[in-house]
Each structure stands twice: as structure tokens, then as C-alpha cells.
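Residue numbers (the working numbering), protein chains in the order written: chain A, 1 to 351; chain B, 1001 to 1308; chain C, 2001 to 2292.
Any given hint might turn out to be false.
In silico lysine-lysine, DSS-like type, Cα no more than 27 Å apart, as pairs [claimed, not checked]:
no., chain 1, residue 1, chain 2, residue 2
1, A, LYS113, A, LYS101
2, B, LYS1156, C, LYS2046
3, B, LYS1036, B, LYS1156
4, A, LYS119, A, LYS130
5, A, LYS74, A, LYS103
6, B, LYS1159, C, LYS2138
7, A, LYS177, A, LYS250
8, B, LYS1036, C, LYS2138
9, A, LYS335, A, LYS316
10, A, LYS119, A, LYS103
11, A, LYS335, A, LYS319
12, A, LYS335, A, LYS307
13, C, LYS2069, A, LYS12
14, C, LYS2048, B, LYS1156
15, B, LYS1251, C, LYS2040
16, A, LYS276, A, LYS319
17, A, LYS250, A, LYS61
18, A, LYS101, A, LYS119
19, A, LYS61, A, LYS112
20, A, LYS61, A, LYS12
21, A, LYS250, A, LYS316
22, A, LYS334, A, LYS291
23, A, LYS101, A, LYS74
24, C, LYS2262, B, LYS1156
25, C, LYS2046, B, LYS1159
26, A, LYS12, A, LYS211
27, A, LYS319, A, LYS350
28, A, LYS130, A, LYS113
29, A, LYS61, A, LYS103
30, A, LYS250, A, LYS211
31, C, LYS2040, B, LYS1156
32, C, LYS2262, B, LYS1159
33, B, LYS1159, C, LYS2096
34, A, LYS307, A, LYS319
35, A, LYS291, A, LYS307
36, A, LYS74, C, LYS2096
Hints were generated in silico from the structure; no laboratory data involved.
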Amino acid sequence: MYSVDLINLTKKWGNVTAVNDVNLHIEEGEFVVLLGPSGCGKTTTMRLVAGLEEITAGEIKIGDQVVNEIDPRKRDVSMVFQNYSLFPHMSVRNNIAYPLKMKKIPSAEQEKKINDVSKLVELQDLLDRKPAELSGGQRQRVALARAIVRQPRVFLMDEPLSNLDAILRVTMRSELKNLHHRLGVTTIYVTHDQVEAMTLASRIAVMNDGKLLQYDTPQIIFDEPSTRFVAGFIGSPAMNLIDGEVVNGKFISDTINTDFSINYEEDITLGIRPDKIDIVDQNSSNNGSVKVFSNESTGESNLITCKMGDQSLIIKADKNSNYEIDNEIFLNFKKEDCYFFDNQSGDRLKL
Amino acid sequence: MKKYSGDWYWYYTINSVLVILILFPIYWTFISSVKKPDELITSEPTFYPHTWTWQYYDNIWNYDTAVLTSATTATNNSSKKIHKTTGSVTQTIGIDDAFTNSAIVSVGTIIFSIIVSTFAGYGLTFFRIPFKEVLFILLITPILVPAISLIIPIYKLLKIIGLTDSYLGLIFLHTTAMLPIGVFMMRNAFSSIPNSLREVALLEGTSELKIIGNVMLPLAIPGLLTVMVFAMYTSWNDYVLAFLFINSPEKTMLNIALAKIALGGSQFEMKWGSLTAGSMISFIPIIIFYTLLQRYFVRGITGSAVKE
Amino acid sequence: MSRLRREQVFGLLMTLPALLLLSIFFLYPLFNSFWMSLHKWPLFGKPKWVGLDNYVWMFNDERFWQCLKFTLVYTITVTPMLFIVAIGTALLCNVKTWGTTFFRSIYFLPVVMSFATASFVWLWLYSEWYGVIIFLLKAIGFGPEDGQLSVWTDGWTAMWAVNTMVTWKFAGIQMIILIAGLQSIRDDYYEASRLMGASRFQTIWNITLPLLRPSIALALILSIAGSIQAYEQFQIMTRGGPMNETKTLVMLTIGMGFDYFKLGPAAALGVIIMSILFVITIIQLRLFRKAY
């Protein structure tokens, strides 16, 4: 098993910086997810590790070896592409065999490895079909098998589940988790779906605009987001982020006000998760009131959206509650459930 | 496309060598056409013309080629007046006339091809003609049959309709050879135009002909240019048909006239000078087409290679 | 008249010029060639039905077999030459970088020249006394110092000399066809192959070429069809010599029809050539049906 190190990794396309001084250490056998919106640099970072793009500055190490100058074919890294990249003119068997063939592994050994791998991903019956004859999920498993069969030092996965339908995605997530447990290969996984990240990762690296914002276990990222962006990106439904100012030690905004005091001078953003806001009757409320804009039932709860001015607030209410649109409701929440972020830098403030 | 990483030297070296190799024959032909006879006819050729003369161009353009393949090496001041000696044994023609002949046939082919292909392509696209697909396939079939298999019956045919030894006959033949590419291209060009454009114009009361002229043709210009380019290519470069079906000396096509120079006479300087000059002359029109309209050549070839 | 009927008539009218040309100058001669091949056509007098006699006579004629053999040998030798140059330049020109378009236009340039002109150009290059290629060959050490070195005296060298000219002239078209095919191959196939340890050569062999099969098929059909119909290059450069060693089927046909006026056998030869081409095309289509 091998560790992976990204040291001051930078990639520029002319004037555009796609990856900006990223530092990351991945332990042996870890499953690290690069999470972020489109264009944040996560795919580029992964392709730099693969060697499919050239580094502008910095270093990449696999184990103890600096691999900057090493050609992709010699890095012993395998990748599952977003659209699987299965060779259309080869059968499943030959697709899987390809990396072994390139390494000139004897055919008896090839046979064995192919059989082992296809059992692992349940492809035994499909070995002689061509990719065009397979369903999306089946193709994905072939791509996985092809990546696994060689037992590389590092697995790279580029949004492998994004082309699958929702139900299949959930199934494959657990399959991937189990697979990783069995094989134990260091994995770098790229996605924009935070649910995938939360469920699969041992650690998540949240990226935006080419920069690494936070690198921690899913629980820590959820509980202790280090920037406003991370806070708003993780969690479903997303954390409410309300701009406001501190007046007389209290937080004031268009939607909610706090009754507890805050020791800060600048404008800040208050973050609070939808399930941490209680809707109470007017007398017990001390954090303001809002008007109901819409309410949606998810089956297990009611999501109430409230708007005041430009700001909106989502509250997770009991599934049996019934708050009508345009009604005024009164809110309550605790200071320890709040997160505060500086408006300028986005950094988390402990107040 | 693949991105190269680090092999710049290989790439540019190999390409440069290839470019030199490919262009060399053309370069050589050109400089040979301007070297003075002493420098041209020698067993130690020079790679750069040290002397310069336009005499070969002058000679073959204006003079009778019978003179050019004779043994006289001095400049023929006295023979300046000799033109089209039909009374002589060797029946030949000046290149200026041969050039004009080829030009007439080529232009004729271009015009006919454009008209015929456009109408056929248009009809096949927008009208519910019975057996439309069958007709289309029929029009493409000539590409499968080698011209050589048809020359005997064509000869008989031309005799019957009285078009042997005529520009028109050759034009018809060239246009027919152009049918597969022409109709294919124009049909493609028209099918990529939404039918709604035509229907709107029809609703406004425009006649079909006006629609073609004002709406369709402008949108189909790439297709037209492709047809034009290929018509020029087919007609100007043709040899077999021009050779077999044009018999009078005064109607000889350019390629054939040059071939007479190449095959006639012996290794005299005039012949080689004339031949290389003639080759350049014959090459220039098509190279102009190529420089200006190169992408249409490519379009035509890949159009049939890649299904649209 | 109903609208549909009007539309049909109008459409047919538009297609009429093309159909007329097609019928008169293609379909009629096509059927007539079969008809003519079954008759004898004396210079004076009426044509005489002879059934398959012309064909029998052809198959018994030594010259037919000689020309057939040569045409096939020529086709077999020139096709790989053309293909290798074409695929080489295609791979070279499939690169996203400055100069690629320029190089591509240069490689395509000889294509626009006529076969006749190309023959003239190379005839001069190969000229026994004054040609620059001869000069260079002598400089390397071939042939007598002061004497004549000719590629035309031996049928084999003559053929290869012409092959070189044809490769120079024709590879560009095949290159364009192959480039079109190359561009339809997805980039990520190459990336995946590279990541799995394939060298550039292995990628070309295992991924590029198989996926290129339809384009390769088209390029080959084009080149083989053209080679079987070879005429100008040999007529102008070798005149079929020495001793008819480089005479092609088409040259034989033309000679028979227009020099000796044996229209029947010439027509029969035309039919034979057509059939050979047909069979070869069918075989090729079978072999290269689809990439996957």
C-alpha cells in the first residue's frame, strides 16, 4: 500500500490557475474524496496525479517516489473514467485483460486474475459481450474491474457514479465501499456530490477555485466546517447562511436576530442547519419571525422555506406540521448550534 | 487528437523532411522550366537556377509544338509565324489553344455540374418523389463502375448522337462522372437546411425557383463550392476521355497536348524545357483552386468517408 | 392535379437533367457494353452475334494474362506503399499543434495535380541522362559513372519507379480519409490506454488501428480500384515497355478498341475489368465490415 503526497501542487493554463498550491497527504490505504463544484480543480488535480496533465509547480509523491517526470504508463496508477472509456471493439474480457497484456503477463496468470476480478464485481457471465451490449451499471463494473485487475498503487476515480440513475448510484456506493475494504488500495475519488463524499470517504478534501479549503474526516467537516463555503456545501438540505451585522453585540439580519450576544465587530454570516431551528409560538420565540414562502414534504419531514428580503431560510419541521404559505412563524435556536463566518474571508469564527 | 508531450523535435524534423521531399518534384519542375538550355541539359544538374529564361513558356504558348520537338536548338525567329500547320505531317497544336480548350470544357463541366446537381439534390430533398431512395442510389452508382468499361459503348453512342470530337460531348461525359459526388453533396447540403424555411417562403407566395435562388443557394454555398472544386478537378485533370473522344488537333486538350511533347522527339533540351513549362502551366489553375478552396477538397472527400 | 401529384411531378422534373445524363451516358453504355461484348464488330458491315467467343478468345490470349498479371502485381505493390505513407502522415497530422494544417496541405498538394502532369514531372526526374534522381543515384554509386542509368530498361524497376510517383501523388487522399477516421476516436480511449501501461506503439496497434478499420477499408478500396484502372502513369512513363512488361489492362483495352478497332473483345475486356473490380470490392467490404 502506498501513500500519496501533493506538495505545493499548482497547475496553470496560461493565465488561469486551475490548481492553486494544494497540499495534501493521503495515508496508505485511505479513501480520499476530492469534493467541490464544477470547475473547482478537483478533476485537474486528479489528472495531475495520473500524469495526464503536466505540473506547473510543486511535487507529487507516490510512496517515497517523486513522480512528476514519470510518464503515466509507468506510474502504476489506474483510473476509472467518468464515461468508463471501455474500448468498444474489445469484449469485456479483453478490456479487463488489456492492462495485463500491456505488462506482458503470461496468459495463464491473466486468466486467473480476470476470473478473480470478475467474480469480485459480478461480471462472470458477461465476459464475452461487447461494451455496446451492456447497461450503464454493467459498464461501470467493467471499468472498475479493468482498474482493479492490475493491483496498482493508487486508484483514481473520476465521478464514476454520475452517469448512473439515482437508485443504481446508491447501490454502487455501498459496493465501492465494500470493494475498498477488501482491496485496501489507496484511492482518490472525485465528485461534486457531497452525499457520495460523506458516505465513501475516510477523509474529504473540499476544493473551490483551485484551492483546498478543508481536509478532514466527513464528521469533522460536517460538524466543524472551516469556511463559509464548506459549511454551505455539505449537508442536505444545505446549511442556512445568513448575512448580517453585529449591533450592540447582537446579530441582526433581515430574517432572524439573535438574543444571545456575540463578541465581534465586523459583518458576519450566521450559519445554522435547518433541523436546528425550532418553530415555536410567539411567546417562546426570541429569535425573530419569518413568513412562510413554501413548504415541501419529503415523507420524513417538512421543509419550510421562508423568505425575507433577499435572504431565505430553510427549516426542517415535523412531518405532521402544517404551516401555510404567507403565514408568519416564530423561531428559536441555540447559540451552540450556530456557526459564524467572517463576511470578508469566509473563515470560521469561534465566538 | 493526441497531445504531444516533449517530442517537438521529432515532430518538426520528420515533418520538415517530408515537406521537402514532397515539394521537391514541384520545385524541380519549376526551376527546370526557367533554366537556360545549357544549364538544363546537363548530366550535372544544379539545384538552384543560375540562369533564367522564359523562352520555354514563350515557345510552347505561342508556337506550334511540331517546331518544338524538332532538332533546331537556335531560337526560332523565323518560325514565329508558324501556327497550326494543318498541312504538316505531325498534327499538333500550340499550348495556348490547348489551354483554352481545357478551360472551355472545365468551365462547361463546372456550370453543368452545379446546375444538374443542385436541381437533383434539391428535388431529392424537398419533394416526395416516387422511388426517391432508388433514384438517389442510381445516381451514386457511376462511382462503382470504371470508366474504361464504358468507353467502347460511349464511343458508339457519341457517334450516334453526333457528339464525337466536340466540347459538348466531353462536357456531358465529365458531368456524368461528377453526378455521384455532385448529387451527394448537394443533397446533403439541402437536407441540413430545415424544411420550415422553404415552407415559410412558400406561404409568402414565392415561386420555387425564387426560393432556390434567394434562400437555398446562399445557405448551400459550401456544397456548391465543393461541387465546383471537384468538377474542376475531374475535368481539368481528365486524360482518358479527352484522349479518346477528341480527335481534331485544334480541339486537343491540354493534358494530351503536353503528352505529345513528352512522348515525341528525343532527349533534346527544348522538349524538357517545354514539358516542364507546360506542366507548370497546366498545374497553375488547379493550384489556384486548391489554395483558395482547399477546405472544400477535404470536405468532399471526408463527406463520403464520414456518414453525415 | 392533387398537391401530392404536383409535388411529385415537379420533383421529378428537377431531377430530370441528372437522370437524363445518367441514363444516356451511363446506364445505356453500361448495358450496351455487355451487349457489345457479345458481338463482333467488323469495320464495314453489320455486327455479328458471337456469344461468349470474345471472352474465350480473351482468356486464350497471352497478352491478356500478361496485362492482368502486371496490373495485379502493380496493385499489390503500390497499395501497401500508399497505405504506409498515408497512415504515417495521418498520425503525424493528427496532432493539435501549430503547423499541422500547413503540413497537411502540403502533403495533399500532389493530389490535385493530374496523373498526366505528375507523370511528366517524374519523367523528367527519372530522365536517363539529365534527370536529377538519376544523378543522385549515380552519386550514391549506382550504375555507370558516365553512362546512361535507366529505370526504364527493366520492367521491375520501371514499375517501382512509377509506384514511387503514384505514392507521391495519391497518398494525400488516403491521408485525409484516415485523418477523418482518427478524429472520430475519442480522446479518453488514448488516455485510458496510456494509464494502463501501453507504449505509444501498443496504443496505435491495439486501439487506434482497430477503431480505424472503416476508414482503412475506404482508403484501400479507393486505392485498389484506382490501381486496377491504371493508365496514364504507365502510358506516359513507360508506354507499356520494356516489351509490354508494364502494360496495364486499361492500356490493353484502349489499344484493342482504338488502335485495332476490335470493339467486341475490347468491350469484353471492359466487362471483365468491371467484374474484377466488383469482386474485389465485395471481398473488401466483407473483410472490413465494421470496426466493432
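Each hint tested on the structure:
1. LYS113/A x LYS101/A: 12 Å, holds
2. LYS1156/B x LYS2046/C: 14 Å, holds
3. LYS1036/B x LYS1156/B: Outside the cut-off at roughly 47 Å; violated.
4. LYS119/A x LYS130/A: With Cα atoms ~18 Å apart, LYS119/A and LYS130/A stay inside 27 Å; holds.
5. LYS74/A x LYS103/A: 10 Å, holds
6. LYS1159/B x LYS2138/C: 52 Å, violated
7. LYS177/A x LYS250/A: 45 Å, violated
8. LYS1036/B x LYS2138/C: 24 Å, holds
9. LYS335/A x LYS316/A: Given that 27 Å is the threshold and the Cα spacing comes to 18 Å, the pair holds.
10. LYS119/A x LYS103/A: 22 Å, holds
11. LYS335/A x LYS319/A: Holds, because 25 Å separates the two Cα atoms, which is no more than 27 Å.
12. LYS335/A x LYS307/A: 22 Å, holds
13. LYS2069/C x LYS12/A: 62 Å, violated
14. LYS2048/C x LYS1156/B: 16 Å, holds
15. LYS1251/B x LYS2040/C: Given that 27 Å is the threshold and the Cα spacing comes to 31 Å, the pair is violated.
16. LYS276/A x LYS319/A: 15 Å, holds
17. LYS250/A x LYS61/A: Not satisfied, since the Cα-Cα distance of roughly 49 Å exceeds 27 Å.
18. LYS101/A x LYS119/A: OK: LYS101/A and LYS119/A at ~20 Å, within 27 Å.
19. LYS61/A x LYS112/A: Between LYS61/A and LYS112/A the Cα gap is close to 31 Å, so the pair fails against 27 Å, i.e. violated.
20. LYS61/A x LYS12/A: 20 Å, holds
21. LYS250/A x LYS316/A: With Cα atoms ~25 Å apart, LYS250/A and LYS316/A stay inside 27 Å; holds.
22. LYS334/A x LYS291/A: Status holds; Cα separation ~20 Å.
23. LYS101/A x LYS74/A: 14 Å, holds
24. LYS2262/C x LYS1156/B: Roughly 13 Å between the alpha carbons, so the hint for LYS2262/C and LYS1156/B holds.
25. LYS2046/C x LYS1159/B: 16 Å, holds
26. LYS12/A x LYS211/A: Given pair LYS12/A, LYS211/A holds - Cα atoms ~13 Å apart, limit 27 Å.
27. LYS319/A x LYS350/A: 33 Å, violated
28. LYS130/A x LYS113/A: With a Cα-Cα distance of about 19 Å, the restraint between LYS130/A and LYS113/A holds, given a limit of 27 Å.
29. LYS61/A x LYS103/A: At roughly 23 Å apart (the allowed maximum being 27 Å), LYS103/A and LYS61/A satisfy the hint.
30. LYS250/A x LYS211/A: 33 Å, violated
31. LYS2040/C x LYS1156/B: Holds, at about 14 Å.
32. LYS2262/C x LYS1159/B: Answer holds: LYS2262/C to LYS1159/B is near 17 Å, not above 27 Å.
33. LYS1159/B x LYS2096/C: 55 Å, violated
34. LYS307/A x LYS319/A: 21 Å, holds
35. LYS291/A x LYS307/A: 6 Å, holds
36. LYS74/A x LYS2096/C: 24 Å, holds
Hint check: violations occur at hints 3, 6, 7, 13, 15, 17, 19, 27, 30 and 33; the rest are consistent with the structure.
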